[in-house]
Amino acid sequence: EAQVTQNPRYLITVTGKKLTVTCSQNMNHEYMSWYRQDPGLGLRQIYYSMNVEVTDKGDVPEGYKVSRKEKRNFPLILESPSPNQTSLYFCASSLTDNTEAFFGQGTRLTVV
Amino acid sequence: QKEVEQNSGPLSVPEGAIASLNCTYSDRGSQSFFWYRQYSGKSPELIMFIYSNGDKEDGRFTAQLNKASQYVSLLIRDSQPSDSATYLCAAPGSGTYKYIFGTGTRLKVLA
Numbered sequence: 004e005a006q007v008t009q010n011p012r013y014l015i016t017v018t019g020k021k022l023t024v025t026c027s028q029n030m031n032h033e034y035m036s037w038y039r040q041d042p043g044l045g046l047r048q049i050y051y052s053m054n055v056e057v058t059d060k061g062d063v064p065e066g067y068k069v070s071r072k073e074k075r076n077f078p079l080i081l082e083s084p085s086p087n088q089t090s091l092y093f094c095a096s097s098l099t100d101n102t103e104a105f106f107g108q109g110t111r112l113t114v115v
Numbered sequence: 071q072k073e074v075e076q077n078s079g080p081l082s083v084p085e086g087a088i089a090s091l092n093c094t095y096s097d098r099g100s101q102s103f104f105w106y107r108q109y110s111g112k113s114p115e116l117i118m119f120i121y122s123n124g125d126k127e128d129g130r131f132t133a134q135l136n137k138a139s140q141y142v143s144l145l146i147r148d149s150q151p152s153d154s155a156t157y158l159c160a161a162p163g164s165g166t167y168k169y170i171f172g173t174g175t176r177l178k179v180l181a
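For the protein sequence lines, the chains are S and G, in the order given. Last residue of the first sequence: number 115 in the numbering used here, and the count goes up by one each step with no gaps. Last residue of the second sequence: number 181 in the numbering used here, and the count goes up by one each step with no gaps.
Be careful, since some hints might not be right.
To be verified - Example chain G residues on the side facing chain S (calculated, C-beta under 8 angstroms, incomplete):
id: 1; residue: G99
id: 2; residue: S102
id: 3; residue: F104
id: 4; residue: S113
id: 5; residue: I117
id: 6; residue: F119
id: 7; residue: N123
id: 8; residue: F131
id: 9; residue: K168
id: 10; residue: I170
id: 11; residue: G172
id: 12; residue: T173
Simulated from the structure, these hints should not be mistaken for lab results. Because the structure is a prediction, the values reported are computed rather than measured. Backbone N, C-alpha and C fix where the C-beta goes; we use that ideal spot for every residue, glycine too.
The shape of chain G in the complex, shown without the other chains (with noise of 0.2 angstroms):
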């Protein structure tokens, strides 16, 4: 089993609607996830960035984090044609020192 592992895409989202991005890791022992945005031959930037379970939102960005399931999800409200880009999901391993990301959810947003 992969540590992280999100679905590849791409998800396309209709101009205005609910973006829905899901991650699932593996280390039990992970403590803090990470949601990062890279664009076509860009660095990745951070997004959102959770520790305990339940929502976090900023702005039209919300964080979920399930330690029970070992799932994180990304809400994206209101999507915009600038959102498009690819959402890595991080879960750096506990006790190995390792910062591991998932491959990447590409998500196109369609004018």
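If we strip away everything but chain S, and leave its shape as in the complex, we get (with noise of 0.2 angstroms):
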């Protein structure tokens, strides 16, 4: 079955703490993408990936890194959480950056 798998679903942490969220596609997508989800601000990408070892910013970068070492994983790595890094989180990969976007469960984060 062609999914995208996020891990964890929900996460509560503490400031300060590194934390990865973990993303896996099996459909051989090159392009990957990390968003938040907050109310009222809809979806904003964190950081994008073309293919492997290639990653770019996205619109809200502050906080987060990456890394894209095979093409099927793509994680999300918060080095030190902060309070306001408290969202729900998204993993998406497509076949490239203008087709279909398939999107992970989500993750619920809380940062206290």
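Two chains, each in its own frame: build the complex with the hints.
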């Protein structure tokens, strides 16, 4: 089954404690993205990757890091989480930057 | 100007009516446009995509694109309560590689 898998689904953490949210896709897609979704602000792109070892900033990259060492995986790293990073996060993949996006199930992160 | 703009709603329509959702975009180079539906707490899922000027129909859904006016819309005919969701418009930017979404329009179909 074609899918994008994110883990964990829910996470509560404390300020400053490094965390990683994993994302994996099995569709051999080249383009992958991370978004955060906040009430009234819609989906905002954090980082995207055009292919292995090619990543770039989206509209809200501050406080986040990503890596793309393999085509299928695109982890999101919060080196020092802060309460303003409390949000619902989605990973998405698509064949290119101009085709249908497939989304993971979402990760609800709370930073206290 | 935001890259992709939508009215946040809520847009309330009675069951069986036509719901009309609108989206404007700023990048004249955008070539493809997508409508996603998102139920509360769930992931967005693709409803329609359109590349060419004019209308594209798929069941109860019709997407309309006017590149000269930088306007894309989604019509939902015979609206059902199960259509109640947030509808997100996406217009991937040309040359930027960003995949940008509007803030979404919340649709409520009243039984």
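Hint numbers the structure violates, sorted upward?
1, 5, 7 and 8
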